[in-house]
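Q: Per the working numbering, residue 15 is the first one in the sequence shown, and the count goes up by one each step.
Any given hint could turn out to be false.
[Claimed, not checked] Below are the EDC-like pairs computed for lysine to aspartate or glutamate, each with C-alpha atoms no more than 16 Å apart in a straight line: (1) 44 / 25; (2) 44 / 58; (3) 44 / 31; (4) 44 / 23; (5) 44 / 34.
Just so you know, the hints here were simulated from the structure itself, not pulled from any lab data.
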Amino acid sequence: AVVQRRVRECEFISQTESCEDNDGLVHYLKFPYCDLPGAIPLADIILFAWIAYLFVCLAVTAEDYFCPALTSISKMLKLSQNVAGVTFLALGNGSPDIFSCIAALGSGNLATSFLALGAMFGAGLFVNTVVIGAVTISQDGYVLARRPFFRDCIFYLAAIYWTWYNCYNKKN
15 AVVQRRVREC EFISQTESCE DNDGLVHYLK FPYCDLPGAI PLADIILFAW IAYLFVCLAV
75 TAEDYFCPAL TSISKMLKLS QNVAGVTFLA LGNGSPDIFS CIAALGSGNL ATSFLALGAM
135 FGAGLFVNTV VIGAVTISQD GYVLARRPFF RDCIFYLAAI YWTWYNCYNK KN
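Using the sequences and the hints, build the whole thing.
A: What follows is the structure, given as C-alpha cells:
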C-alpha cells in the first residue's frame, strides 16, 4: 500500500503541469517523491543540508563582495554607516523582491499580480512585527527607538494605502 501511494505521488508530480520545474539544478518535488520514494526522511535531510549550504554560500558572497563594495561606495560618497545601511543595504537586499514584483505586475495575469503584491506586503509586515519583536525579546536592555519605528510604520501604511488606491482605480 505504501509503495503504491509513493508511485501515485510520483506520477502526480510528473504529470501535473504546475509541478514542472525546468529552471533549477534540483527538482525539489521529484527528488523526494520519485528519486528517493522509500526514504523521504533521508531526502528531507539532504534537502535541508543543501539549503544550509546555499545560505552559507550566500553569506560568504555577501561578506566577501557586497559589504566591501558598500563600504567603498559609502566612503567615496562620505556617508555615515547608518545612512549607507538604510539606503544601499536596503536597496541591495530588497531589489530582487522589487524587480520580481514589477515583472509580476507587468505580466498581465491578475492572480500573479495580487500574489506578488501579497508577498511584498507580507515581507514588510514580517519585518515590522516578527523581526523587530524577536530582536526586542532576545536582547536584554534593548529599547526600541520610537520615532524611527513610528516613521517606518506610517510610511508602510501610506505605501499600502497608495497601492490599494491605485489597484482599486485600475479595476474600475
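Q: Give a verdict on every hint.
A: Hints, one by one, checked against the model:
As the CA atoms of residue 44 and residue 25 are separated by approximately 10 Å, the hinted pair is consistent with the 16 Å bound. Taking the CA atoms of residue 44 and residue 58, the gap is near 12 Å; set against the 16 Å cutoff, the hint holds. For the hint linking residue 44 to residue 31, the alpha-carbon distance of about 13 Å falls within 16 Å, and the restraint holds. With a C-alpha separation of about 9 Å, the suggested pairing of residue 44 with residue 23 holds against the 16 Å cut-off.
With a C-alpha separation of about 9 Å, the suggested pairing of residue 44 with residue 34 holds against the 16 Å cut-off.
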